[in-house]
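Colleague: Which chain is which? The protein sequence lines are A, B and C, in order.
Numbering of the first sequence is given in this note's numbering, commencing with residue 70 and proceeding in unit increments.
Numbering of the second sequence is given in this note's numbering, commencing with residue 3 and proceeding in unit increments.
Numbering of the third sequence is given in this note's numbering, commencing with residue -8 and proceeding in unit increments.
The hints are simulated quantities; they were obtained by calculation from the structure and are not laboratory data.
One or more of the hints may lead you astray.
Stated by the list, open to error - With the C-beta cut set under 8 Å, the calculated list includes, among others, these residues of chain B facing chain A: (1) 28; (2) 73; (3) 127.
Ideal placement from N, C-alpha and C gives every residue a C-beta, glycine not left out.
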Amino acid sequence: MSTLHVLSHSPFSDTRLGSCLRLLGSDDALLLSGDAVYAVLPQGSALTPLQEKTVFILEEDLLARNLDCPQWATCVDYPAFVELSIRYDKVNSWL
Amino acid sequence: MKFAIALYSAAHAPSSRRALRFAEAALASGHEIVRLFFYQDGVHSASSNIVTPQDEQDIAQQWATFVSQHQLDGVVCIAAALRRGVLNEDEAARYQRPGVNLKAPWELSGLGQLHDAIQTADRLICFGGP
Amino acid sequence: MSKSLLIISRQAPWSGPGAKEALDIVLAGGAFDLPIGLLFLDDGIFQLLANQNAAAIEQKNLSANLQALTMFGVDDLYACNHSLSERGITPAGLAVADVQSLSTEEVRALIDRYDQVITL
Chain A
70 MSTLHVLSHS PFSDTRLGSC LRLLGSDDAL LLSGDAVYAV LPQGSALTPL QEKTVFILEE
130 DLLARNLDCP QWATCVDYPA FVELSIRYDK VNSWL
Chain B
3 MKFAIALYSA AHAPSSRRAL RFAEAALASG HEIVRLFFYQ DGVHSASSNI VTPQDEQDIA
63 QQWATFVSQH QLDGVVCIAA ALRRGVLNED EAARYQRPGV NLKAPWELSG LGQLHDAIQT
123 ADRLICFGGP
Chain C
-8 MSKSLLIISR QAPWSGPGAK EALDIVLAGG AFDLPIGLLF LDDGIFQLLA NQNAAAIEQK
52 NLSANLQALT MFGVDDLYAC NHSLSERGIT PAGLAVADVQ SLSTEEVRAL IDRYDQVITL
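With the hints as constraints, model all of the structure from the sequences given.
Modeller: What follows is the structure, given as structure tokens:
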């Protein structure tokens, strides 16, 4: 079963992204929201391991932080977030 | 699609607003929300005593309005709420506390309601943290 | 058939009510006879260590709640091996019997197997 993993903590102050990436299955995807979107900073150390994964990013959180959506990721709004939560068999939010 | 939405953060946390916007989008897309369950610090998102500055979003108020308007089942975990001082009239009287900060449309109930919602829904979505 | 639920507990025992409140979800699920599993991940591993003295910081011991799990019919208890070795803890050092330690691949398969997941 595929899982959509949802993160909202900054990857620079927290271990959730690291643990999540370690446990990510081949059919799974990540959705970055809140401070987790800092992971896509072009010169940041969190970027490289993400590029080979299926990554969605909540657009409002990128806009709020003046960050651009990288080409390898997909920006989503709330209706698309809802659709993603249906497309994947379950949603695992790293609270 | 039937959603169960669980919230674990207070109204001032960005994740509380995110949960609300997700819930609104789910209904707008024609989906059903079988229950909202507020647990841990999520009980503060149901507080009726939150006062936000006028030029800021009052997410706790927006939650209450959303639940009332759509006649949703809004459940606040009683054990988590008591621990954090979120009390309805009955509980304030029972424990002889001076303040009531939980009112309709919210109801206090136990964790069984979370499990029941998970069993009924097609998807469980949790929001919490920052 | 009931949907299965995996709780992933990743909070240390004395960092607030989080660890206990994660256990409460598991115990409530067990009381309703639901298929429920509990995985200790990251700092959640610290809940399993022996000889903790909760009274020293005026807290209640978690071990009673942990021991109650099997009484409530919750037998699917797991610990992440990677989290254990990161912290220099061996599975033999765990106070709670019947916790299976799982490799990263096995944890991945575990998450895959359950219908719903809550990570606290």
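Colleague: Each hint should be assessed against the structure and marked as holding or not.
Modeller: Each hint, compared with the structure:
{"no.": "1", "hint": "28", "in the structure": "5 Å, holds"}
{"no.": "2", "hint": "73", "in the structure": "20 Å, violated"}
{"no.": "3", "hint": "127", "in the structure": "5 Å, holds"}
When the structure is compared with the earlier hints, a violation turns up for hint 2 alone.
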